[in-house]
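**Q** With chain A's structure known, arrange chain B on it following the hints.
2 protein chains.
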Amino acid sequence: MNTHQHITPEVLISEVGPRDGLQSVKATMATADKLRWIDALVASGLREIEVCSFVPARLLPQMADAAEVVRHAVRHPGVTVMALVPNVQGARAALAAGAHKLTIPVSASAAHSLANVRKTREDMLQEVRAIAQLRADTAPGVRVEAAISTAFGCTLQGAVPEHEVIWLAQACIEAGVDEVGLSDTTGMANPAQVRRLFLQLRAAVGAQAGAAHLHNTRGLGLANCLAAYEAGVRTFDASLAGLGGCPYAPGASGNVVTEDLVFMFEAMGVRTGVNLERLLAARAPLRAGLPGELLYGMTAEAGLPKGWTQPA
Amino acid sequence: MNTHQHITPEVLISEVGPRDGLQSVKATMATADKLRWIDALVASGLREIEVCSFVPARLLPQMADAAEVVRHAVRHPGVTVMALVPNVQGARAALAAGAHKLTIPVSASAAHSLANVRKTREDMLQEVRAIAQLRADTAPGVRVEAAISTAFGCTLQGAVPEHEVIWLAQACIEAGVDEVGLSDTTGMANPAQVRRLFLQLRAAVGAQAGAAHLHNTRGLGLANCLAAYEAGVRTFDASLAGLGGCPYAPGASGNVVTEDLVFMFEAMGVRTGVNLERLLAARAPLRAGLPGELLYGMTAEAGLPKGWTQPA
Chain A
1 MNTHQHITPE VLISEVGPRD GLQSVKATMA TADKLRWIDA LVASGLREIE VCSFVPARLL
61 PQMADAAEVV RHAVRHPGVT VMALVPNVQG ARAALAAGAH KLTIPVSASA AHSLANVRKT
121 REDMLQEVRA IAQLRADTAP GVRVEAAIST AFGCTLQGAV PEHEVIWLAQ ACIEAGVDEV
181 GLSDTTGMAN PAQVRRLFLQ LRAAVGAQAG AAHLHNTRGL GLANCLAAYE AGVRTFDASL
241 AGLGGCPYAP GASGNVVTED LVFMFEAMGV RTGVNLERLL AARAPLRAGL PGELLYGMTA
301 EAGLPKGWTQ PA
Chain B
1 MNTHQHITPE VLISEVGPRD GLQSVKATMA TADKLRWIDA LVASGLREIE VCSFVPARLL
61 PQMADAAEVV RHAVRHPGVT VMALVPNVQG ARAALAAGAH KLTIPVSASA AHSLANVRKT
121 REDMLQEVRA IAQLRADTAP GVRVEAAIST AFGCTLQGAV PEHEVIWLAQ ACIEAGVDEV
181 GLSDTTGMAN PAQVRRLFLQ LRAAVGAQAG AAHLHNTRGL GLANCLAAYE AGVRTFDASL
241 AGLGGCPYAP GASGNVVTED LVFMFEAMGV RTGVNLERLL AARAPLRAGL PGELLYGMTA
301 EAGLPKGWTQ PA
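These protein sequence lines map, in sequence, to chains A and B. For the first sequence, the working numbering assigns the number 1 to the initial residue and increments by one for each residue that follows. For the second sequence, the working numbering assigns the number 1 to the initial residue and increments by one for each residue that follows.
Just so you know, not all the hints are guaranteed correct.
Pairs involving identical chains hold if they fit within one copy or between any two copies, as the list cannot separate such chains.
Each computed DSSO-like pair below joins lysine-lysine, with the alpha-carbon atoms no more than 30 Å apart [stated by the list, open to error]:
#1 LYS101 x LYS119
#2 LYS101 x LYS306
#3 LYS306 x LYS26
#4 LYS119 x LYS306
#5 LYS26 x LYS119
#6 LYS101 x LYS26
Calculated from the structure, these hints are not laboratory results.
One chain only, chain A, in its complex shape:
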């Protein structure tokens, strides 16, 4: 039995590697390898995992086995299995497979919206409304999140006005989602901006303010997570070994490394519910399933400090 289940975590680490990571690499991980990796992530104590995207296989062949992956992951008790859905067709498939939570990417940048989902922001809001309606009609127990991408800047368009980000977040709530997070899709965020924007988000949507999805493109990932934590954020997306980024945002790369993020919080005395030794061990099935892929992570490189212990 995992003794970590006795701890009440103070932050929720939402692992996005099996979705964000795997859809960003050229290779396609075999389904059996994905399942082994997800099992190892669960064994570390992670309690929310974004396991796949429901998108046409001709666009993202890496995600062709999305339904099978969800059906496997939901067998783990106590784990919230998330799936990314860009539209109502994807949402229908995700709900049919049994996903517990849907995340919808909604670009704050008009240019990125067209590049990523081939829709204007207004058209995307219609899609959000349709997904929320489908959930209400067919799966009221499922949570729906909108993740505002390019919230901190866009490599295609440049700066993204903050009031547009907040307007879009409010519009998503009005369209029926349960929570709205902010994503630094392009790795352009800085700690002052992260704090400012999450405080604005909380002022605008209250407790429906959701996850911080921050990147480590220029090394600021953990500093940005710290700023978000100080602004009241308690859910953090991260990717094991920093796998992932966004294939449609040129130059963007590098999700926050889950291992380093967990190390930071645990070292600060902020409980994550994740066992760091077991989390580091989950790199082995990732490496086995994606041989030759570059794995990031300073904690893995340095090892845990002498005498490292986590509360049992």
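**A** This is chain B only, laid out in the frame that chain A set:
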């Protein structure tokens, strides 16, 4: 003319690569290459550079040309040229060469003190007193800093009690130094601890609280710098390309990367006085002088964001 000189920087970035970096690598950089690298660092707008250690050449052959390096660096107007001195003999040599500022490493960990300078902490305080006296007698315009190493933990001894760190800092001030900084020699610091300890330091020694010297061993370098900034620290040690660490602390590696630190502050609107393009260009003479050495830095890898500008 460097237009950056018109800006009043809000933080001082103290570049330690030519000392901390070069003494940590196996190769010895040729003197001419060091001087070219230092010139490039100066050209980026850096206004404090730790250029060498005055230690016996049989212990650190990489630093055998320390006096020549200081004599070159002090020709740059407006740049504070620092030298590390572990004892009064080193201080005498540094002052003779014309260094503007001396930094004395004083280990908070009893075990690290013996390993690093072969002295107890009490013996080291005698050395600090002798150096401060030498300065008062022969070079009153020179500043002297004590850098409390292993202030956040020690790979040899484990935890280092916070009250011992503060006691040692106060003892250094009483011994005659102008400022005391805290160093995460072993890469064990976390943001909560950094904030707590720098606030305690300021409470204990007031405006004589000095630089934060933080490492990126487990990826927390910039998050720790952010925490230090929030605790009122305004001087930050960093090393171009993250070169360096401590050869006597097993497993320790990775100074904060100057380029990423400058990017963070400038993106936040905190002025450093350093031009990021020119700082990135200073990697070329480093690479030329140390071929094959691993250079870190996410900003260098990702490039500057689209439309990046700094205040002129």
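**Q** Look at each hint and say if it fits the structure.
**A** How the hints compare with the structure:
Proximity of LYS101 to LYS119 under the C-alpha cut-off of 30 Å is restricted to the intra-copy arrangement: shortest distance 23 Å within a copy versus 59 Å between copies. Taking the closest pair of Cα atoms, LYS101 and LYS306 never come within 30 Å of each other, the shortest separation being 39 Å inside a single copy and 34 Å across copies. Taking identical chains as interchangeable, the C-alpha atoms of LYS306 and LYS26 lie at most 30 Å apart only when they sit on different chains, with a minimum of 25 Å there against 37 Å within one chain. In this homomeric assembly, LYS119 and LYS306 come within 30 Å of each other (Cα to Cα) only across copies, at 23 Å, whereas the closest approach inside a single copy is 51 Å.
For the identical chains of this complex, LYS26 and LYS119 are intra-copy neighbours only, at 25 Å inside a copy versus 55 Å across copies, given an alpha-carbon limit of 30 Å. Taking CA atoms no more than 30 Å apart as the test, LYS101 paired with LYS26 passes inside one copy only; the shortest distance there is 26 Å, against 52 Å between copies.
In terms of the numbered hints stated before, the structure departs from hint 2 and from no other.
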